[in-house]
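Protein chains: 4
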Amino acid sequence: MIKHPKLYHFKRAAGDPPPLEAETTRTVRFEEVDALRVVWHGRYPSYFEDGRAAFGKRYNLGYLDMYNEGFLAPLVKLHFDFYAPLTFPEPFKIKARAIWSEASRMNFEYEIHNFENRLIATGYTVQLITDLNFDLQLITPPFLEVFRNRWFSGELL
Amino acid sequence: MIKHPKLYHFKRAAGDPPPLEAETTRTVRFEEVDALRVVWHGRYPSYFEDGRAAFGKRYNLGYLDMYNEGFLAPLVKLHFDFYAPLTFPEPFKIKARAIWSEASRMNFEYEIHNFENRLIATGYTVQLITDLNFDLQLITPPFLEVFRNRWFSGELL
Amino acid sequence: MIKHPKLYHFKRAAGDPPPLEAETTRTVRFEEVDALRVVWHGRYPSYFEDGRAAFGKRYNLGYLDMYNEGFLAPLVKLHFDFYAPLTFPEPFKIKARAIWSEASRMNFEYEIHNFENRLIATGYTVQLITDLNFDLQLITPPFLEVFRNRWFSGELL
Amino acid sequence: MIKHPKLYHFKRAAGDPPPLEAETTRTVRFEEVDALRVVWHGRYPSYFEDGRAAFGKRYNLGYLDMYNEGFLAPLVKLHFDFYAPLTFPEPFKIKARAIWSEASRMNFEYEIHNFENRLIATGYTVQLITDLNFDLQLITPPFLEVFRNRWFSGELL
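So the sequence lines, in the order shown, correspond to chains D, U, B and W. Just so you know, the first sequence maps onto residues 1 to 157 in the numbering used here. Just so you know, the second sequence maps onto residues 1 to 157 in the numbering used here. Just so you know, the third sequence maps onto residues 1 to 157 in the numbering used here. Just so you know, the fourth sequence maps onto residues 1 to 157 in the numbering used here.
Please note that a few of the clues may not be correct.
Just so you know, same-sequence chains aren't split out, so a pair can sit in one copy or run between any two.
[Said to hold, decoys possible] In silico DSS-like cross-links for lysine-lysine, where the CA-CA straight-line distance does not exceed 30 Å:
#1 93 x 57
#2 93 x 11
#3 57 x 95
#4 6 x 57
#5 93 x 6
#6 11 x 57
#7 6 x 95
These are calculated hints, taken from the structure and not from any lab test. Nothing here was measured: the structure is a model prediction, and the numbers come from that model.
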């Protein structure tokens, strides 16, 4: 529906290491489509979460990895741009891409394509870091520093 | 679709106090209907839960009431009989009815009607009682004994 | 978590009629909270939809009103800013606010507050207008023109 | 929690062809667990549906296969027995087993096990057959007769 899809939601600064990415696939369930026979927009947070979970699995930075270190990463921003509908029982690809930041937060961009490579949706999330009592951690915690050092060094690419 | 709807799922014994009941209403959301424009069957656990929550509120026997006493009531049985579909944006009534039992469990029957008084669905749940570590409590815990004494005495009717 | 909450997501132009608003309330269900005992972010599309449904009901601009005129209003943008968590079984208020636009689209801003008037989340949606075949309508359809004339005239305030 | 799990929900008659079965796997999502960190019971209809979808795929008897023949198979009964909780991010297996019936209906039994082969839940569904207007088909429709002939002949085993 829109000519120039918005694939990049965060600014890239010169000298930043390139984004890290993970991909997963999923198939539209009957329960996910609405009366118009397309996926209801409210199912997409689950789709993005699958992308983020794939990223977490690939880079050992999942919910439980962080939890076991004593940290949570609650979303403070969640954004979707919808370009085309998904239908039942269509398979599709979800890409989650971490964008470099030096703040105590995590920034992800997402892309969803169907298997004919049509762009379905993009979006982004911003997660802050808290301890297990939801107290905001303004200083990047060690587990995230370690991950960023490995990212910056190029060994994760 | 079925001639003789099954309204009673648990046996009643002579001498049992009559069931206790609570009712609530809800309206079908757009997100709850499927490609056939009727509520997808998988939304009904939420509807029954609304009925049980109304019961818990009325009789101070809700999730948090039990939790604060140190107990949980996980479902071990959940059953639905579907008679007619609900459509968007139809309002409907959910009735939850506790059936007397002397065991360490809670038995509920449910009825859902639309506002033209058409029977939509019935069903039941069986909940066992555990402590907060999910350890089964074969002896009825005090909070439930107190509730049953009040029920048996007739003061809750 | 954030000092200056973003309440206004769309620009206001001089001469625009003031926003139109509707409000509804809802209570957090047990099924809506996650392992951290706060509402999972992916439930909020349903909350915004409740706000939009309240708006549709108040101004006769709901899903079925549009559908019966031969039009759909699919979301092309959906955005959330999260400020504080909701917990079970907390009641909360959802406000949906239509922002004036002369294009063939509908722009809504949302605010969610709990009953202690704490800001929980804000956000916005952009909906384009299509016919029932999902064909984009670049010219504002009659039902929306009529609504806007009434809005502009001040009779809806 | 229960000593003798109920694996068989439908009667088997002498001379009936043996059940047909399909299996699929799935992993518990973060959004599926509740405040007690176990999967909320209301997610299981989706799990059973995954089992039924796997069956439909294997035997060309899925939702769209039937729809394209002009038929629907709405659930009239849905039952769950819960034996043990699933936790995040646990993988698990869903088995759907069609039980022979000569009526115009479809009967499925389900079993869910985790990857340590612990029984999590069993249950069953009964589906009637309707046309696309939800009119009950008391005579088994051709697509189902053909399937049953192949089943009876043994070629599907």
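Each hint, compared with the structure:
Taking identical chains as interchangeable, the C-alpha atoms of residue 93 and residue 57 lie at most 30 Å apart whether they share a chain (16 Å) or sit on different chains (20 Å). When the C-alpha separation of residue 93 and residue 11 is checked against a cutoff of 30 Å, the pair qualifies only within one copy, where the shortest distance is 24 Å, while the shortest distance between copies is 34 Å. When the C-alpha separation of residue 57 and residue 95 is checked against a cutoff of 30 Å, the pair qualifies both within a copy, at 13 Å, and between copies, at 26 Å. For a Cα distance limit of 30 Å, the shortest separation of residue 6 from residue 57 inside one copy, 26 Å, qualifies, whereas the shortest one across copies, 33 Å, does not.
Taking CA atoms no more than 30 Å apart as the test, residue 93 paired with residue 6 passes inside one copy only; the shortest distance there is 17 Å, against 32 Å between copies. Proximity of residue 11 and residue 57 under a CA criterion of 30 Å is satisfied intra-copy only: 25 Å inside one chain copy versus 40 Å between copies. Taking the shortest Cα distances, residue 6 and residue 95 sit within 30 Å of each other both inside one copy (14 Å) and across copies (28 Å).
The earlier numbered hints are all upheld by this structure, with none contradicted.
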